[in-house]
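K.L.:
Sequence:
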Amino acid sequence: MLKTSRVISILHHPIPPLRPGRLAEEDGLGWHFRSARALAKYGGYEAIAVRPGINRENTIKVIDNVTVVLTPSINLSPSQRIWKWSHVSTALAEFVRDAVKRGYFCINIKGLFEVMLLAFVKYEEYSSNFP
1 MLKTSRVISI
11 LHHPIPPLRP
21 GRLAEEDGLG
31 WHFRSARALA
41 KYGGYEAIAV
51 RPGINRENTI
61 KVIDNVTVVL
71 TPSINLSPSQ
81 RIWKWSHVST
91 ALAEFVRDAV
101 KRGYFCINIK
111 GLFEVMLLAF
121 VKYEEYSSNF
131 P
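Following our numbering, the numbering of the sequence shown begins with 1 at its first residue and continues without gaps.
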(Lines of atoms letter the chains of each structure in order from A and count residues from 1; the text may use other names and numbers.)
(Lines give C-alpha, C1' and ligand atoms only; values in the text may rest on other atoms or scores of the structure.)
Protein backbone atom coordinates (compact mmCIF):
# COMPACT_ATOMS: atom_id res chain seq x y z
CA MET A 1 0.00 0.00 0.00
CA LEU A 2 1.30 3.45 -0.89
CA LYS A 3 2.10 5.75 2.03
CA THR A 4 0.87 8.74 0.06
CA SER A 5 -2.47 9.69 -1.39
CA ARG A 6 -0.84 11.49 -4.33
CA VAL A 7 0.59 9.86 -7.45
CA ILE A 8 2.20 11.10 -10.64
CA SER A 9 2.29 9.02 -13.82
CA ILE A 10 4.95 9.86 -16.42
CA LEU A 11 5.09 9.31 -20.17
CA HIS A 12 8.36 10.17 -21.92
CA HIS A 13 7.04 11.23 -25.34
CA PRO A 14 4.33 13.43 -26.88
CA ILE A 15 1.12 11.90 -28.21
CA PRO A 16 -0.47 13.35 -31.35
CA PRO A 17 -4.15 14.14 -30.75
CA LEU A 18 -6.81 12.12 -32.54
CA ARG A 19 -8.87 15.26 -33.09
CA PRO A 20 -7.57 18.80 -33.64
CA GLY A 21 -7.89 21.15 -30.69
CA ARG A 22 -8.07 18.37 -28.10
CA LEU A 23 -5.54 16.64 -25.92
CA ALA A 24 -4.91 12.98 -26.65
CA GLU A 25 -5.92 12.21 -23.07
CA GLU A 26 -9.42 13.54 -23.76
CA ASP A 27 -9.82 10.55 -26.07
CA GLY A 28 -8.40 8.17 -23.44
CA LEU A 29 -4.96 7.83 -25.03
CA GLY A 30 -1.76 7.19 -23.09
CA TRP A 31 -1.04 4.53 -20.50
CA HIS A 32 0.17 7.28 -18.15
CA PHE A 33 -3.30 8.83 -18.22
CA ARG A 34 -5.23 5.57 -18.01
CA SER A 35 -3.17 4.44 -15.00
CA ALA A 36 -3.62 7.77 -13.23
CA ARG A 37 -7.36 7.77 -14.01
CA ALA A 38 -7.78 4.25 -12.57
CA LEU A 39 -5.92 5.19 -9.38
CA ALA A 40 -8.03 8.34 -9.00
CA LYS A 41 -11.31 6.55 -9.68
CA TYR A 42 -10.82 3.28 -7.81
CA GLY A 43 -8.20 4.22 -5.23
CA GLY A 44 -9.19 7.78 -4.42
CA TYR A 45 -5.70 9.08 -5.18
CA GLU A 46 -4.95 12.63 -6.21
CA ALA A 47 -3.39 11.88 -9.60
CA ILE A 48 -1.31 13.77 -12.13
CA ALA A 49 -0.53 12.46 -15.62
CA VAL A 50 2.43 14.26 -17.18
CA ARG A 51 4.15 14.04 -20.55
CA PRO A 52 6.04 16.27 -22.97
CA GLY A 53 3.91 18.42 -25.22
CA ILE A 54 4.78 20.19 -28.44
CA ASN A 55 4.01 23.75 -27.30
CA ARG A 56 6.45 26.19 -25.74
CA GLU A 57 4.31 26.57 -22.62
CA ASN A 58 2.81 24.19 -20.09
CA THR A 59 -0.68 22.94 -20.82
CA ILE A 60 -2.75 21.92 -17.81
CA LYS A 61 -6.23 20.43 -17.95
CA VAL A 62 -8.30 18.30 -15.57
CA ILE A 63 -9.78 15.26 -17.32
CA ASP A 64 -11.79 12.64 -15.38
CA ASN A 65 -10.42 13.92 -12.03
CA VAL A 66 -6.82 13.64 -13.27
CA THR A 67 -4.65 16.71 -13.70
CA VAL A 68 -3.03 16.33 -17.11
CA VAL A 69 0.16 18.34 -17.58
CA LEU A 70 1.99 18.75 -20.89
CA THR A 71 5.43 20.31 -20.53
CA PRO A 72 7.45 22.12 -23.20
CA SER A 73 9.89 19.91 -25.09
CA ILE A 74 12.36 20.04 -27.92
CA ASN A 75 12.59 17.54 -30.76
CA LEU A 76 16.15 16.36 -31.30
CA SER A 77 15.30 14.64 -34.60
CA PRO A 78 16.80 16.71 -37.45
CA SER A 79 14.22 15.41 -39.92
CA GLN A 80 11.33 15.76 -37.43
CA ARG A 81 10.15 12.31 -38.58
CA ILE A 82 10.91 10.47 -35.36
CA TRP A 83 8.43 11.79 -32.81
CA LYS A 84 8.23 9.19 -30.10
CA TRP A 85 11.81 8.86 -28.91
CA SER A 86 13.43 12.15 -29.85
CA HIS A 87 11.72 14.65 -27.53
CA VAL A 88 13.52 15.97 -24.47
CA SER A 89 11.84 18.01 -21.77
CA THR A 90 13.85 19.46 -18.91
CA ALA A 91 10.60 21.07 -17.75
CA LEU A 92 9.16 17.57 -17.30
CA ALA A 93 12.10 16.54 -15.11
CA GLU A 94 11.75 19.70 -13.02
CA PHE A 95 7.98 19.26 -12.71
CA VAL A 96 8.34 15.67 -11.49
CA ARG A 97 11.17 16.58 -9.12
CA ASP A 98 9.01 19.29 -7.56
CA ALA A 99 6.00 16.95 -7.33
CA VAL A 100 8.11 14.34 -5.52
CA LYS A 101 9.28 17.01 -3.09
CA ARG A 102 5.60 17.81 -2.45
CA GLY A 103 4.87 14.17 -1.58
CA TYR A 104 3.82 12.63 -4.90
CA PHE A 105 4.80 9.03 -5.61
CA CYS A 106 5.96 8.19 -9.16
CA ILE A 107 4.17 5.30 -10.82
CA ASN A 108 4.72 3.69 -14.23
CA ILE A 109 8.46 4.25 -14.37
CA LYS A 110 9.65 2.69 -17.60
CA GLY A 111 12.40 3.43 -20.07
CA LEU A 112 15.70 5.24 -20.07
CA PHE A 113 14.26 8.74 -19.75
CA GLU A 114 12.41 7.80 -16.59
CA VAL A 115 15.52 6.19 -15.10
CA MET A 116 17.46 9.39 -15.79
CA LEU A 117 14.59 11.40 -14.31
CA LEU A 118 14.56 9.36 -11.12
CA ALA A 119 18.33 9.64 -10.83
CA PHE A 120 17.96 13.43 -11.13
CA VAL A 121 15.26 13.47 -8.44
CA LYS A 122 17.34 11.25 -6.15
CA TYR A 123 20.46 13.38 -6.74
CA GLU A 124 18.54 16.52 -5.82
CA GLU A 125 17.19 14.81 -2.70
CA TYR A 126 20.64 13.70 -1.54
CA SER A 127 22.49 16.86 -2.50
CA SER A 128 20.05 19.01 -0.52
CA ASN A 129 21.15 17.16 2.64
CA PHE A 130 24.74 18.38 2.30
CA PRO A 131 26.15 21.92 2.56
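Please note: incorrect hints may appear among the correct ones.
Below are the SDA-like pairs computed for lysine to any residue, each with C-alpha atoms no more than 25 Å apart in a straight line [to be verified]:
hint, residue 1, residue 2
1, 101, 18
2, 61, 38
3, 61, 103
4, 101, 78
5, 41, 77
6, 41, 55
7, 101, 76
8, 61, 40
Note that these hints are calculated values from the structure, not bench results.
K.L.:
So, against the hints stated earlier in the document, which numbers end up violated here?
P.N.:
Numbers 1, 4, 5, 6, 7 - these are the hints that the structure violates, sorted from lowest upward.
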